[in-house]
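K.L.:
This is what each chain is made of:
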Amino acid sequence: MALNITDIKRIAHLARIEINEAEAQATLIKLSGILGLIEQMQAVNTTGITPMSHSQDVVQRLRDDVITEINQRELLQSNAPAVADGLYLVPKVIE
Amino acid sequence: MINSSLKQFGQMLAKKEISSVEMTQTFLNRIQQYNPSINAFITLDADKTLAQAKLADARIAAGTAAPLTGIPIAQKDIFCAKGWRTTCGSKMLETFKAPYDAHVISQFDAEGAVNLGKTNMDEFAMGSSNETSFFGGVKNPWDFDRVPGGSSGGSAAAVAARLCAAATGTDTGGSIRQPASLCGFTGLKPTYGLVSRYGMIAFASSLDQAGPMAKSAEDCALMLDVMAGFDERDSTSLNRPKELYTRDLNMALKGLRIGLPREYFSEGLDANVAKVIEAAIAEYKKLGAEIVDISLPNSQLSIPVYYVLAPAEASSNLSRYDGVRYGHRAAQYDDLMDMYMKSRAEGFGAEVKRRILIGTYVLSAGYYDAYYLKAQQIRRLIADDFVQAFKKCDIIMGPTAPSTAFKAGEKADDPVAMYLQDVYTIATNLAGLPGMSIPAGFSNGLPVGLQIMGNYFDEARMLGVAHAYQQVTDWHQKAPEGIL
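Protein chains in written order, with the numbering used here: chain R, 1 to 95; chain E, 1001 to 1484.
Errors might be hidden in some of the hints.
What the hints assert, rightly or not - List time: in silico DSS-like cross-link candidates among lysine-lysine, alpha-carbon distance up to 25 Å: (1) Lys-1407/E / Lys-30/R; (2) Lys-9/R / Lys-1407/E; (3) Lys-1411/E / Lys-30/R.
Stated by the list, open to error - Far from chain E, by Cβ distances over 10 Å, these chain R residues were calculated: (4) Ala-2; (5) Asp-7; (6) Ala-15; (7) Gln-56; (8) Asp-65; (9) Val-66; (10) Ile-67; (11) Asn-71; (12) Ser-78; (13) Val-93.
Since the hints were made in silico from the structure, they are not lab data.
Even for Gly, the Cβ is constructed at its ideal location relative to N, Cα and C.
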């Protein structure tokens, strides 16, 4: 499936990555090459084959519903770009 | 001293010939001497490192030392280590200080090993040359014009230049084995689920696996003894009895069936690399192994499948970097959406963005069945190839990489050419099987790695198979000129 520049901009928006015109052009060429590689898959007949997500047939483990974490708010927020009164600061979202 | 095995380092410490502080300082001095040119380490913290060495010395004096107590180990900068800057090779995490320890780090801490520093890597482990690191490329100690491989390029260069006793790496598509091949040492990617991924910064969760990078199979066995084990904090960690990976090091190879997949010796393999691999196979015949012709008919689909699954999982995993709770935030933005878009545009490098975009595309509405589901179906075909192959043989061998180390810049602008570096390693990640690379000789002065693949949980036997070869050859003892 051939990509065009509008696709690149749409995908970049979905991925929340700002992209300018020149970057979009360069990305179009590189991504088209990679998709060309991926297209080889389409020649394979996969009818009836169960998709594989994990090499071992394991089931999700369950654990007791108890608190295991301790409060480390200050430590964890020490990596945040902007905090105040224990809260993460972001631009205003509600007028 | 620097070319010693882990066992020898341990004996020196036990006999008090040297203290852990002195041993650690020797390596820190070497790092100070070589790192400005090689760029193997992103973060060093001599105070933290030497404090651990002091604790190790006390433990040795108290007579409670474990096999790796006091031995300096370099840690790939993908593992969170509490209080250490942990960058994953990205501007996004340039100032991130890990608030907790990865399982691998806490296992080494419990062993009393010394964290020597955090090693350079391709950004978010996406690359095969270490050239995508925000902190700059790494030199291959065998030839400074060439790349060390990737993504665990810093750990690879550190082992090759003897800047550490051993190192850790992670392998999603070949990131332990390909650099081990290009830098001439022993590296092992365990069975998926054997080593906990807790605190290991995620790239493609269904493929990521940590493993040892060291000079010999024996060293890798000692490292894996520390790293492997059940951890309930990783939902894919396998709950099985603890093994001793050194147990089969002295096994006899008589009657061992070694399968050679036709597809790994065809078009695309450098002729000189092929010669080295054939010579290694001949050595195994002399040791009593039997050679079996096998086929992995879907192996050529590994790369297409990988470049759907890995980017898809990466695009999901990397959505957490939004500039809110940690990581890079743009200095200027209009609103919340603009903050996300600018922070991610500035924080991620070109290759990481490409993979996020590919992943976003293949998972976007209407394309799921054609790409992600299809790739998961072919993934099963690839895994089934191995199931069939292991009915005919005990171990599979072939080249680790199609060529020796290439020149820096040679493939940097051609992602598809770069992806082909992992043509022989990706299939085992997709199948979840263990694979390793051991030094098998040289081509034009550059190291060549022999790949050894085993069945699920067959690490002890693979290490035994590698060790037997290392008892009759000395490729694994070789170091770049001027290093020893």
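K.L.:
Hint by hint, say whether it matches the structure.
P.N.:
Verification of the supplied hints:
Between Lys-1407/E and Lys-30/R, the direct Cα distance comes to roughly 21 Å. Compliance with the 25 Å bound is thereby established for this hinted pair. For the given pair, Lys-9/R sits about 34 Å from Lys-1407/E by alpha-carbon distance, which is inconsistent with the 25 Å threshold. Taken as a hint, the Lys-1411/E and Lys-30/R pair is honoured in the structure, with Cα atoms around 13 Å apart against an allowance of 25 Å. The Cβ of Ala-2/R lies farther than 10 Å from every Cβ of chain E, with a closest approach of about 12 Å, so its non-interface assignment holds.
Asp-7/R, annotated as away from the interface, has a beta carbon of chain E within 10 Å; the closest lies near 8 Å. Once the 10 Å rule is applied to beta carbons, Ala-15/R is inconsistent with being away from chain E; the minimum gap is 4 Å. Not every CB of chain E is more than 10 Å from the CB of Gln-56/R (nearest about 6 Å), against its label as outside the interface. Distance check for Asp-65/R against chain E: the nearest CB is about 14 Å away, which clears 10 Å, and the non-interface claim stands.
Remark: the non-interface label on Val-66/R is consistent with the geometry, its nearest Cβ contact in chain E lying 13 Å away (cut-off 10 Å). With a cut of 10 Å on Cβ distances, Ile-67/R stays outside the contact zone with chain E, its closest approach being about 15 Å. Against chain E, the non-interface label of Asn-71/R holds: every CB pair exceeds 10 Å, the least being about 12 Å. For Ser-78/R, the non-interface assignment is contradicted: its Cβ lies about 7 Å from the closest Cβ of chain E, within the 10 Å cut-off.
The claim that Val-93/R is not at the interface with chain E is violated, since a C-beta of that chain comes within 10 Å of its own (minimum 5 Å).
Against the hints set out earlier in the document, violations occur for numbers 2, 5, 6, 7, 12 and 13.
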